[in-house]
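> Just so you know, the sequences run in chain order Y and Z.
Quick note on our numbering: the first sequence kicks off at 891 and runs consecutively.
Quick note on our numbering: the second sequence kicks off at 4 and runs consecutively.
Some hints could be false.
Okay, the calculated beta carbon distance ranges per label pair [as the list claims (entries may be wrong)]:
no. : chain 1 : residue 1 : chain 2 : residue 2 : range
1   : Y       : TYR929    : Z       : ARG33     : 25 to 35 Å
2   : Y       : ALA943    : Z       : HIS80     : 21 to 31 Å
3   : Z       : ASN73     : Y       : THR960    : 42 to 52 Å
4   : Y       : TYR988    : Z       : GLN85     : 36 to 46 Å
5   : Y       : ASN912    : Z       : GLN85     : 31 to 41 Å
6   : Y       : TYR988    : Z       : THR8      : 37 to 47 Å
7   : Z       : PRO72     : Y       : PHE908    : 18 to 28 Å
Hint data in this document are derived by calculation from the structure and do not stem from the laboratory.
Where is the CB? At the ideal position from N, CA and C, for every residue including glycine.
Next come the chains, spelled out residue by residue.
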Amino acid sequence: GNSVTQMEGPVTLSEEAFLTINCTYTATGYPSLFWYVQYPGEGLQLLLKATKADDKGSNKGFEATYRKETTSFHLEKGSVQVSDSAVYFCALSEAGEYGNKLVFGAGTILRVKS
Amino acid sequence: DTEVTQTPKHLVMGMTNKKSLKCEQHMGHRAMYWYKQKAKKPPELMFVYSYEKLSINESVPSRFSPECPNSSLLNLHLHALQPEDSALYLCATRGGTEAFFGQGTRLTVV
């Protein structure tokens, strides 16, 4: 079946550091790819998405490019802030006979220190 | 309106209680989902409703009973839960390719 693999955390950075969170996937066909963010005590928020190969999703300074050749969707940000501390989930959309499902990676905790 | 609203935000219930979680959306989306999330883990899919009909049940125990009264509402009825059912329960709706999540209900079973 389809799956998503994320780098293990926690990732601890100083404010204004460069962020990369690796995400690779295994899927049949060409799924849509997503990054969701979860702040403490909250639900998941869609951070960015890409629906086809070479698409770049971007939002709030975060970017990720859908790389079909490497089956990757790495999340990057040039300068992180303390407020970016959260759990980040990479996910793909899986179409099935009975409906669409999201397949999540394990999540990566990001801690940003001032 | 891009909100998915879940109530209550927190719920403590005994193992013999019956309670319900509610989810409301006014985004016009026809797919609605229940997820369960344990601490430090990704969400796990429980149920999918498509056009108000249950389309996916991920082998969830019968002590969890979903209901979709109309296209805006999704309920999760809880009965005879176990302490290991304590978790964050998330509702989501889907429009196009992306899913939108509510803030969740933090459930504690005592």
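> Are the hints correct? Go through all of them and say.
Cross-check of the supplied hints:
1. TYR929(Y) with ARG33(Z): 25 to 35 Å: Holds: the Cβ-Cβ distance is about 28 Å, inside 25 to 35 Å.
2. ALA943(Y) with HIS80(Z): 21 to 31 Å: 43 Å, violated
3. ASN73(Z) with THR960(Y): 42 to 52 Å: With Cβ atoms ~44 Å apart, the hint holds.
4. TYR988(Y) with GLN85(Z): 36 to 46 Å: At roughly 28 Å between Cβ atoms, GLN85(Z) and TYR988(Y) fall outside 36 to 46 Å, so the hint is violated.
5. ASN912(Y) with GLN85(Z): 31 to 41 Å: 36 Å, holds
6. TYR988(Y) with THR8(Z): 37 to 47 Å: At roughly 26 Å between Cβ atoms, THR8(Z) and TYR988(Y) fall outside 37 to 47 Å, so the hint is violated.
7. PRO72(Z) with PHE908(Y): 18 to 28 Å: 48 Å, violated
Consistency note: the structure conflicts with the earlier hints numbered 2, 4, 6, 7.
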